[in-house]
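Peer 1: Each chain is listed here by its residues.
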Amino acid sequence: MSSVEKKQLIYEKSAPGRRGYSLPDTERTADAILGDIPEKFRRTDDARLPEVTEGQVMRHFVGLSVKNHHIDKDFYPLGSCTMKYNPKVNDVAANLPGFRALHPLAPDDSVQGVLQIMFELKTYLKEVSGFEAMSLQPVAGAHGEFAGLLIMQAYHRKMGELNRTRIIIPNSAHGTNPASVAALGWSTVQIECNEEGVITPEAVEAVMDDTVAGMMTTNPNTLGLFEKHCKEIADIVHKGGGLMYMDGANLNANMGIFRPADIGFDIMHFNLHKTFSTPHGGGGPGAGAVGVTAELEKFLPAPVLKKNDQDEFFFDYDRPDSIGRLHSFYGNVGNMIRAFAYIKSLGGEGLRAVSENAVLNANYLKELIREDYDLPYEAHCMHEFVISGSRQKKLGVKTLDISKRLLDFGMHSPTNYFPLIVPEAMMIEPTETESRETLERFAAIMKQIAAECESDPELVKSAPHDTPVRRLDEVGAARTLDIQYTD
Amino acid sequence: MHYIPNTDDDRRRMLEKIGVGSFEDVISEIPDALRLQRPLEIPKLSEPELLAEIEEFARRDRESTLCFAGGGVYDHFIPAALGTIVSRPEFMTAYTPYQAEVAQGTLQVIYEFQTHVCRLTGMDVANASMYDGATSAAEAMLIASSVTKRDKIVVSETVNPLYRQVIDTYLRARGVEIVTVPHADGLTDLNKLEDAIDEATACVLVAQPNFFGLLEEIEPVERMIHKVGGKLVMSIDPIAQAILKTPGEWGADIVVGEGQPLGVSLSYGGPLLGLFAAKKDLVRNMPGRIAARTKDVDGKPGFVLTLQTREQHIRREKATSNICTNQALCATAAAVYCSLLGREGIKQVALLSAEHAHDTANALAAIDGFELLSKAPFVREFPVKCSRPAGEIIAAMADHGILPGVDAGRWYPGLENVLLVALTEKRTPAQMTRLVDGLKELSASGVLSHLS
Numbered sequence: 000m001s002s003v004e005k006k007q008l009i010y011e012k013s014a015p016g017r018r019g020y021s022l023p024d025t026e027r028t029a030d031a032i033l034g035d036i037p038e039k040f041r042r043t044d045d046a047r048l049p050e051v052t053e054g055q056v057m058r059h060f061v062g063l064s065v066k067n068h069h070i071d072k073d074f075y076p077l078g079s080c081t082m083k084y085n086p087k088v089n090d091v092a093a094n095l096p097g098f099r100a101l102h103p104l105a106p107d108d109s110v111q112g113v114l115q116i117m118f119e120l121k122t123y124l125k126e127v128s129g130f131e132a133m134s135l136q137p138v139a140g141a142h143g144e145f146a147g148l149l150i151m152q153a154y155h156r157k158m159g160e161l162n163r164t165r166i167i168i169p170n171s172a173h174g175t176n177p178a179s180v181a182a183l184g185w186s187t188v189q190i191e192c193n194e195e196g197v198i199t200p201e202a203v204e205a206v207m208d209d210t211v212a213g214m215m216t217t218n219p220n221t222l223g224l225f226e227k228h229c230k231e232i233a234d235i236v237h238k239g240g241g242l243m244y245m246d247g248a249n250l251n252a253n254m255g256i257f258r259p260a261d262i263g264f265d266i267m268h269f270n271l272h273k274t275f276s277t278p279h280g281g282g283g284p285g286a287g288a289v290g291v292t293a294e295l296e297k298f299l300p301a302p303v304l305k306k307n308d309q310d311e312f313f314f315d316y317d318r319p320d321s322i323g324r325l326h327s328f329y330g331n332v333g334n335m336i337r338a339f340a341y342i343k344s345l346g347g348e349g350l351r352a353v354s355e356n357a358v359l360n361a362n363y364l365k366e367l368i369r370e371d372y373d374l375p376y377e378a379h380c381m382h383e384f385v386i387s388g389s390r391q392k393k394l395g396v397k398t399l400d401i402s403k404r405l406l407d408f409g410m411h412s413p414t415n416y417f418p419l420i421v422p423e424a425m426m427i428e429p430t431e432t433e434s435r436e437t438l439e440r441f442a443a444i445m446k447q448i449a450a451e452c453e454s455d456p457e458l459v460k461s462a463p464h465d466t467p468v469r470r471l472d473e474v475g476a477a478r479t480l481d482i483q484y485t486d
Numbered sequence: 000m001h002y003i004p005n006t007d008d009d010r011r012r013m014l015e016k017i018g019v020g021s022f023e024d025v026i027s028e029i030p031d032a033l034r035l036q037r038p039l040e041i042p043k044l045s046e047p048e049l050l051a052e053i054e055e056f057a058r059r060d061r062e063s064t065l066c067f068a069g070g071g072v073y074d075h076f077i078p079a080a081l082g083t084i085v086s087r088p089e090f091m092t093a094y095t096p097y098q099a100e101v102a103q104g105t106l107q108v109i110y111e112f113q114t115h116v117c118r119l120t121g122m123d124v125a126n127a128s129m130y131d132g133a134t135s136a137a138e139a140m141l142i143a144s145s146v147t148k149r150d151k152i153v154v155s156e157t158v159n160p161l162y163r164q165v166i167d168t169y170l171r172a173r174g175v176e177i178v179t180v181p182h183a184d185g186l187t188d189l190n191k192l193e194d195a196i197d198e199a200t201a202c203v204l205v206a207q208p209n210f211f212g213l214l215e216e217i218e219p220v221e222r223m224i225h226k227v228g229g230k231l232v233m234s235i236d237p238i239a240q241a242i243l244k245t246p247g248e249w250g251a252d253i254v255v256g257e258g259q260p261l262g263v264s265l266s267y268g269g270p271l272l273g274l275f276a277a278k279k280d281l282v283r284n285m286p287g288r289i290a291a292r293t294k295d296v297d298g299k300p301g302f303v304l305t306l307q308t309r310e311q312h313i314r315r316e317k318a319t320s321n322i323c324t325n326q327a328l329c330a331t332a333a334a335v336y337c338s339l340l341g342r343e344g345i346k347q348v349a350l351l352s353a354e355h356a357h358d359t360a361n362a363l364a365a366i367d368g369f370e371l372l373s374k375a376p377f378v379r380e381f382p383v384k385c386s387r388p389a390g391e392i393i394a395a396m397a398d399h400g401i402l403p404g405v406d407a408g409r410w411y412p413g414l415e416n417v418l419l420v421a422l423t424e425k426r427t428p429a430q431m432t433r434l435v436d437g438l439k440e441l442s443a444s445g446v447l448s449h450l451s
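If you read the sequences in order, they're chains A and B. 0 is the number of the first residue of the first sequence in numbering that gives the first Met the number 0; add one for each residue after it. 0 is the number of the first residue of the second sequence in numbering that gives the first Met the number 0; add one for each residue after it.
Hints are supplied without guarantee of correctness; some may be wrong.
Unchecked claim - In silico lysine to aspartate or glutamate, DMTMM-like type, Cα no more than 20 Å apart, as pairs:
1. B:Lys294 to A:Asp465
2. A:Lys238 to A:Glu160
3. A:Lys6 to B:Asp297
4. A:Lys6 to B:Asp295
5. A:Lys460 to B:Asp297
6. A:Lys39 to B:Asp197
7. B:Lys244 to A:Asp35
8. B:Lys226 to B:Asp197
9. A:Lys238 to A:Glu294
10. A:Lys397 to A:Glu439
11. A:Lys5 to A:Asp486
12. A:Lys87 to B:Asp295
13. B:Lys294 to A:Asp44
14. B:Lys244 to A:Asp30
15. B:Lys346 to A:Asp44
16. A:Lys230 to A:Asp208
17. B:Lys244 to A:Glu160
18. A:Lys12 to B:Glu343
19. B:Lys244 to A:Asp44
20. A:Lys227 to B:Asp31
21. B:Lys16 to A:Glu439
22. A:Lys12 to A:Asp481
23. A:Lys305 to A:Glu348
Claimed, not checked - Examples of chain A residues toward chain B, derived with CB under 7 Å:
24. Leu48
25. Glu50
26. Leu350
What the hints contain is simulated information worked out from the structure, not anything from laboratory work. Where is the CB? At the ideal position from N, CA and C, for every residue including glycine.
Start from the sequences, fold in the hints, and give me the full structure.
Peer 2: What follows is the structure, encoded as structure tokens:
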């Protein structure tokens, strides 16, 4: 490495007098303008933001950007994250000035175009899921979960059943599920799946009582398996007075094949940033629309977008039974426009093809990898599957090491150590936008790593070797807590 | 099929490897009775058809409307370089930085973003973002309640009413009592605030500037709440913060705010950017992701997500929040904005906005039928009392292609005639003249005649 160290932080590139902007001058002096604001309200020192030129900013951020793995670069098989290709026409649509420039408090009659897109998107989401009512307000999956659980709470409060404050959750559930339950001050009742990896009616029956508000689950579950007893389970929960919540994170498996509302669910959130291809942005913005049955419509977040007799779109604020507002305005509209464009570019038939090919790709990849790693569940999977690194663990190589080694080959690793019920789990979701050749290349790399675990375990344990940085000191990071730059 | 590389030949070879004859065999676990027995009824469009349709929708919106509306989000200028950076696929199509070695770009951006937020607010620690200002405020209330083990919060009525609605949704579910302290002429009624605060109060939430754009007396609020051991939570506007005393200086424990003015377009109110910062002692109670600087095994500096034991994917029901996906790309935009504008530029934006606001306020106050609601100081937004309901004025000005402000009466009974007018550096003198002339015309036309 060169001995000339490049300055790393934008603050380290700063020098007084550099400018990265061009703005008009004020008419009056700064002191004269500030004279309108009494001194006691003013800050004494400037906010010491960096002082750099536009060119420096470009180099800084372009330099940072290329240190990222991203879906436009290569394979990203994070299980339950649905890292599919994000079509660019969606971005063009969302960036049209007719959408970007709109103030959210502009009168409804001046924003009919964007409202029509939102309204039609709701219609398509209803068709995909089978639910009869929809809110686009939640802006992330966990936000949608919170909305759905609030709807459940409002329903039980309306029924006078205030004692229902527990939610049945399988041990394979996403971490957000129990965290969302806790956000209501409610508690969870954990149940276990059987040796086939699915929940049984007996397990649900055993815990169902009048303190249970409902059940929260995904289908297919996080093992990638179809919950084949879902209808009987829904019947048990409904008979016991509870509601069924579906975590829609895995919807990419289902489109045109089965609909959550048809198999017994009452509430579901979508992840528009998974199933409907809106880009993840390094961790958001997402969009977490919530669908419900007709019976629960009155509880949806307010306001509710509607269409009147003259085909005009408007927000209805008169919602006495609503759970209330969850966002400053109407949700992540930019993501809604992208999802609308995606859905329409595929159509109903195309969405079915998305799910079919997502399932096909997962099963094919599973077949290619299964010889070299342990496969805890035999059944055909849906859009994702879980393998275990237990065999490699016996050689002293952890799943974390295998994940890190994958990075050396320019691939992202699968979701690690999840679901919690599989030791040394690797959860793999290829999505439908990957080619057969990419799947085969990934499988070949996984095979090579499995061989390295036997022949040269240190190589894997010390990985990654070819990334912008190597393994980082997380323990030290949490101890020293350098979380803002100080000069 | 669009976006799907598998050909018929691929599919045949893949099914063969799986050891089945058809796709139906792969999904045979799904009982027929549960299947959808018909195709999904959603029309399909080619790319040019799709764009033509969406462009038509966009044309129906009055995007050329001259915007003097604020209410928490503002029409600021966004430098060209920002769009180029933020639309890079490397930032746009990456996931949450779970594998730090191949996510150093996103992680360093978060670290720098946290630093910018700390410097604007004068706080010790900031997170990687929340959904928006409203959900930041709601999460702050939950945290204040949990660290003080008290189940009552006090909120000023001058806090953004949309934030207060979200707070209500979040806290009602948990059974936390919310006491709302009324305003007097657009400022928090400090006597009533003092009455509302007691030993059971977890926190007070005040906004600076408040929803009307006016500057509040924070010092007595700080004294009142800290005397009973509660937390001071402040909601801020990051642009006004370039010239206003920092929450850190006021003694705030938690700071929340809407980060949209920092380089995020209005986009009909979403995506937005929730800012969240706090004093050091609350870092382990903070919601959301936090990036930290550390070293790799070779001693090379790098960045990781830290204190993840607060988070849902580790702690599940014991997490400090259920937040997972946040607003990372908007935080990236804000980080770029703060880098481009810098120390002097952000002040220039604030000063231009303030100058435009004060000039416009003076011009409006000189028109018959309009007067300023309050003599209190403001930065870039101010309430104007009109002789007719603000809603009527907004409707009348639509014909001039102007959105003159926000109708305060939507949330404040008794203030139906109050229009909140917001200015940014982006408004030109000619545009401000258009607003003033438009309202003058309205005043002269007699539409406002039966007033005062």
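Peer 1: Of all the hints given earlier, name the ones this structure violates by number, lowest first.
Peer 2: Violated hints (numbers, rising): 6, 10, 12, 13, 17, 23; every other hint is consistent with the structure.
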